[in-house]
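Undergrad: Kindly generate the complete structure, drawing on both the sequences and the hints.
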Amino acid sequence: MITFNPLEDNDFGIDFKESYNQFGESVTNELDGFYTKVNNNKGLTVNSGVNYPFKLVTRDGVSSNPIVDINNAILDVKVINAKPGKWYKIDWIGNGYTGWGTPNYSMFIGEYDEKTFTNPRTIFDRVSHSFPAPTQNIEYKLFTKINEDVMVSVTVDYSKLKKDRYPMN
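The opening residue of the sequence shown carries number 1 in the working numbering; numbering runs sequentially from there.
Don't take each hint at face value.
[Claimed, not checked] For lysine to any residue, the following SDA-like pairs were computed, each having C-alpha atoms within a straight-line distance of at most 25 Å:
| hint | residue 1 | residue 2 |
| --- | --- | --- |
| 1 | K162 | T45 |
| 2 | K141 | D164 |
| 3 | K145 | K162 |
| 4 | K163 | N119 |
| 5 | K160 | R121 |
| 6 | K141 | N169 |
| 7 | K141 | D60 |
[As the list claims (entries may be wrong)] With beta-carbon atoms standing in for the labels, derived distance ranges:
| hint | residue 1 | residue 2 | range |
| --- | --- | --- | --- |
| 8 | G101 | D60 | 30 to 38 Å |
| 9 | D76 | T135 | 17 to 25 Å |
| 10 | N81 | E25 | 30 to 38 Å |
Derived by calculation from the structure, the hints in this document are not laboratory data.
Small disclaimer: the values here were computed from a predicted structure and weren't measured.
Ideal placement from N, C-alpha and C gives every residue a C-beta, glycine not left out.
TA: Take a look at the structure:
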């Protein structure tokens with residue numbers, strides 16, 4: 001943090017001292033506002049607790065409610081090489097789920113027709129991507145597969161996930 005020390009009476013001349021002190025006070029005031037903004041910046045967690053990066057859509061006349069844990073935990077999603085006319089959706093998130101044996105931290109990611117949600121295709125699943133247990137609260141996962149042009153990156157705050165799995169509609 002930058003600090004300002006005003007000049008004392010015996011420092012330099014009176015005109016210089018007043019000018020210097022006014023300048024220092026104005027810089028200090030500006031920096032106080034700047035430091036407040038920096039300290040309030042949520043950085044990676046800016047999307048925690050909001051619908052972004054998700055989009056609420058209606059499918060078959062049904063609009064599902066957002067899952068609070070998911071809105072808190074999924075901080076960013078990027079689909080690279082997305083196909084025109086397609087939606088991409090996280091269908092399932094594992095957070096140590098043991099129903100298939102060893103603890104599972106994978107995600108199922110699907111591709112759907114944008115207008116009708118028909119022709120679903122699971123691009124990534126527990127077989128194609130088996131991630132180890134997270135070693136940090138916030139982790140970055142990159143989903144790629146041989147013979148698949150679509151790639152998906154997901155930034156997850158595992159400290160916000162309270163259940164061992166999250167199936168999503």
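Undergrad: Flag every earlier hint the structure violates by its number, smallest first.
TA: 3, 4, 5, 7 and 10
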